[in-house]
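**Q** Given next are the chains, with one letter for each unit.
Protein chains: 2
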Amino acid sequence: MIHDFVFHNPTKIIFGVGKEEKIGKELASRGHRKTLLVYGQESVRRSGLLSRVQQNLAAHGVDFIEHGGVVSNPLLSHTQAGVDLARREHVDSVLAVGGGSVVDEAKAIAVGAKLDGELWDCFLGNAPIRSALPIFDILTIAATGSEMNGNSVILNERKQQKYAISSPYCYPTVSILNPALTCSVPADYTAYSAVDAIAHVIEAYFTQEVGGNLQNRLVESIIKTVIETTDTIMADPNHLGARSEFMWTATLALNGVTTAGVSGFSFPNHLLEHSLSALYRIAHGAGLAIIIPAWMKWHLPQWESQYQRFAREVFGVNDSLSGVQSLEAWFKKIGAPTRLADAGIPASEIPTIVANISDAAQVWGLANVYTPEVITQILQFANEQ
Amino acid sequence: MIHDFVFHNPTKIIFGVGKEEKIGKELASRGHRKTLLVYGQESVRRSGLLSRVQQNLAAHGVDFIEHGGVVSNPLLSHTQAGVDLARREHVDSVLAVGGGSVVDEAKAIAVGAKLDGELWDCFLGNAPIRSALPIFDILTIAATGSEMNGNSVILNERKQQKYAISSPYCYPTVSILNPALTCSVPADYTAYSAVDAIAHVIEAYFTQEVGGNLQNRLVESIIKTVIETTDTIMADPNHLGARSEFMWTATLALNGVTTAGVSGFSFPNHLLEHSLSALYRIAHGAGLAIIIPAWMKWHLPQWESQYQRFAREVFGVNDSLSGVQSLEAWFKKIGAPTRLADAGIPASEIPTIVANISDAAQVWGLANVYTPEVITQILQFANEQ
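Keeping their order, the protein sequence lines are chains A and B.
Going by the numbering used here, the residue at position 271 of the first sequence is 271; the numbering climbs one at a time, nothing skipped.
Counting from 1 along the second sequence, just add 1000 to a position and that's the residue number in the numbering used here.
Hints should not be assumed to be uniformly reliable.
[As the list claims (entries may be wrong)] Here's a subset of chain A near chain B, in silico, CB distances under 10 Å, partners left out:
| id | residue |
| --- | --- |
| 1 | His3 |
| 2 | Ile14 |
| 3 | Met148 |
| 4 | Ile222 |
| 5 | Thr225 |
| 6 | Glu228 |
| 7 | Gly241 |
| 8 | Val257 |
What the hints contain is simulated information worked out from the structure, not anything from laboratory work.
Treat the numbers as computed from the prediction; the structure is a model and nothing was measured.
All residues carry an ideal CB built from backbone N, CA and C; glycine is no exception.
Excised from the complex, chain A in its bound form (with noise of 0.2 Å):
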């Protein structure tokens, strides 16, 4: 059975090598005339892309204010620091270039660009979004899918807490997706790039009755890919095939289209890394790898089936338990880490990382099923060697 559900996803993606040319054209020709232009480190400065974009955008009467620095698990006080500036300069857009942090800050900031109270309660719930400026990316590592959803997490590292918001209002406009960009992200982010792709269809398969078998079949169509393209790109890292093939995975992995009929589902596998990557400022992906399989094996005597299915499909293999070690092995082969000691977590940490979870459970509204007890449980299972 498809459930109920509303499917609108606008944004405009436009894909292929050198693409980032394109950029002027799509503000100018929606009227725009000053953007924020965000970026993260120096590497996109390093790498011509910036002064390309700038060049670009100039050639098409748009100018720029430049906010850089965005680092991964973007902060609360960058973003703070990018809304001050939007508004002070009174841009009429923002344009992100870079990964998946750098565009969930640049949504936050066009949120609170237009928001008359604390961002920051958006992000607990508390306040709605009714607005936001429009969203542009050039992106640069394909992983969160942030450039075709509406999604967007933030750190507030004074809190310790990493939280989303989800809006239409978040929708980027036009994204620019060049594969070739992509060439150059390393072994590590890459690994942790395709853990975190494969986490966003996992979520829904295994929380919900799923809508129908096509919404199994396209989740599997989905991991299948991300795990075959992986492996050819860890063999050849410039194997521009495989970096397309990957990129437009991830991107679908996250754009609604895999949860369309899906009801009910939730993100407790996100739910669970926010905390480490809030705590311990690990990579996202990194934090998933760990807690995924755990979380696996925690979840499934609930959903013996479903399990068994994800087993036959993705990995061949005939009962359910080998399907989640499947994945936990191909997580290892590719280098990402599978246990908390792995990141350098020792298990005296638990009843911290277990209280910073609970409060988000709190927040995420799944307080109820993820108590205290079953996240030290889970975290158990990510523990053990």
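Assemble chain B onto chain A, guided by the hints.
**A** Same frame as chain A, but now just chain B:
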């Protein structure tokens, strides 16, 4: 390799039983005050759907002018009457209530109402489409995918030409999909719908190197789901689960997701079929069930490996021809014609059909491949017993 592409599908889908009650609000909230209500035969009146929609429009202050009587293979003359009515009455939008033919005619009216010139010139590729009235629809038959793409196919009955337009202006603003409305679709049209949905994904799958395994997998997922759900519906026409899964699958089959990253594909089965329905007014899906197996047999030697993949992944058989035969056998099983004679078309008509297709092939830009000789060969496969 994923080839360069632009994906931009802004249609809002509202899916679920009873969701037609949303239509007045969707129109009114966008400022529409007077719409052209396009529908087909009396069944939508008899079922009570039309009066429910009219009451809902009235409750939201949206006036309407009726344009009923759209037929399967919608006619240019009737479309032109709709254009004249839309202009005379100064409607600000069009609302289709019906199946793919009704949506297609509504799109053509939306284009014609804003056009300075002859509508058919757009279908001949001789006049650009620069605007259209906003298009809304409530879908009663799942098949064509028109509810989430920019295509419209119209029959010029005077010239016996069945041609298409494709324009960004022809994406519906909002499409409402209520799977319960499709439970009354009779067995023959259910079969034709299944063939049509399969045809939409099979075209790119077999006419060009697919962009990557992801695209292959998405297509196979859709075909397997169409087969599975149609078999269920044939046994139990009121099976809402299967009707709903079929409905969304048919939408995904032609909304651009399966072809993103696939370059240079074409729609030869549609080219060939349109002449059958133009000349003999048979249902489009019925014509496709005749054309597809014939075209596949002719095309098979050119791309053996993809046919082997199709055979293995969709039907679990090993050789390429068996895959084609399995599909043909399934068409027969669900009651679709698979030979010209099954549709009452004698072999003596082949030259007439070839001439009609040859003219169309010029307009479609496929005349270099689909010469009269090739078309004749394919039609001979469609004729042999």
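**Q** For a quick check of understanding: which of the numbered hints are violated here, in increasing order?
**A** none
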